[in-house]
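Taking the hints into account, I'd like the entire structure generated from these sequences.
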Amino acid sequence: MPAELSPIDKAKFAAARRAVDFVEDGMKVGLGTGSTAAWMVRCLGERVREEGLRLVGVPTSTRTADLARQVGISVVGLDEAKWLDVTIDGADEFDAQLQLIKGGGGALLQEKIVATASDRMIVITDASKEVVNLGAFPLPVEVVPFGWQTTRALIEEMLIATDVLGRQTTLRLNGTQPYITDEGNYIVDLHLNRIGNARSLAVALNQIPGVVENGLFIDICDMVIIGGAEGQVELRDINAGTIAHERIEFADDENIFADLD
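Numbering (numbering that gives the first Met the number 0), first residue to last: 0 to 260.
Read the hints as simulated data drawn from the structure, not as lab findings. All residues carry an ideal CB built from backbone N, CA and C; glycine is no exception. Any given hint could turn out to be false.
Simulated restraints, written as ranges between beta carbons of each label pair [stated by the list, open to error]:
| hint | residue 1 | residue 2 | range |
| --- | --- | --- | --- |
| 1 | Phe249 | Asn192 | 21 to 27 Å |
| 2 | Ser73 | Asp218 | 29 to 35 Å |
| 3 | Arg68 | Glu3 | 24 to 30 Å |
No farther apart than 16 Å at their CA atoms in a straight line, the calculated lysine to aspartate or glutamate pairs in the EDC-like style are these [to be verified]:
| hint | residue 1 | residue 2 |
| --- | --- | --- |
| 4 | Lys128 | Asp8 |
| 5 | Lys81 | Glu45 |
| 6 | Lys128 | Glu233 |
| 7 | Lys128 | Asp94 |
So this is what it looks like as structure tokens:
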């Protein structure tokens with residue numbers, strides 16, 4: 000384990016390393032998007048190379064697909080895979096009920112489709128992402144470009160009657176231009192500070208014309224694996240109602256770091 004890695008990166012790596020143990024030979028696996036999911040893809044690639052693990056990966060973004068191919072994972076689309084054994088992904092926030100906010104990386108639509116087409120969703124994260132109430136992280140909402148300002152106004156109007164602390168909305172930018180998702184849509188970020196009822200908000204958002212999907216993942220996550228900088232991991236299984244604590248041993252010569260810049 001390179002000494003220059005930050006404690007947060009070490010925590011993400013620990014969670015990713017433990018999560019890939021749930022992947023068995025012949026599985027179809029949803030591959031998440033984001034910095035934590037990238038560790039997971041690298042760990043899976045190492046298992047493919049070192050153990051001969053056979054799996055099919057369904058990526059949730061073009062950048063995840065590129066990384067998966069680079070590390071030797073066979074990649075197919077969801078239409079070809081049809082149904083997945085497990086999806087492993089990160090999260091921007093999670094609460095005690097394993098409700099999530101996702102989409103900080105701009106891939107929430109594909110992430111939600113892939114996660115819901117899986118027998119199981121495992122979220123890998125570090126302790127900083129746990130919150131009592133969702134909403135400190137801006138909630139991404141993917142909208143179609145046509146009439147997006149009207150859609151944004153309708154979202155803001157709906158928020159007036161919603162149990163949230165903030166109602167500011169911003170169009171996500173890439174430089175000076177709107178950020179474009181893999182599906183060619185825009186993202187409006189909702190700065191809500193606290194969400195009183197995530198379930199009802201998710202339903203209300205998706206009823207607004209122009210909204211494609213929102214970043215609230217409700218009743219989708221089955222397990223959260225929380226990594227620590229010293230290799231400690233906590234596994235919370237919402238279905239079994241169990242919490243387990245384990246430790247990952249960091250090797251000094253981890254092959255996974257060989258191609259890091």
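Hint check:
Taking the beta carbon of each, Phe249 and Asn192 are about 37 Å apart, not inside 21 to 27 Å as hinted. Between Ser73 and Asp218 the beta carbons are some 30 Å apart, a value that agrees with the proposed interval 29 to 35 Å. A hinted range of 24 to 30 Å for the beta carbons of Arg68 and Glu3 is consistent with their spacing of about 27 Å. With a CA separation close to 13 Å, the supplied pair Lys128 and Asp8 stays within the 16 Å bound.
For the hint linking Lys81 to Glu45, the alpha-carbon distance of about 25 Å lies beyond 16 Å, and the restraint is violated. Distance check on the hinted pair: Lys128 and Glu233 sit about 13 Å apart at the alpha-carbon level, within 16 Å; holds. For the hint pairing Lys128 with Asp94, the CA-to-CA distance comes to about 9 Å; that is within 16 Å, so the pair holds.
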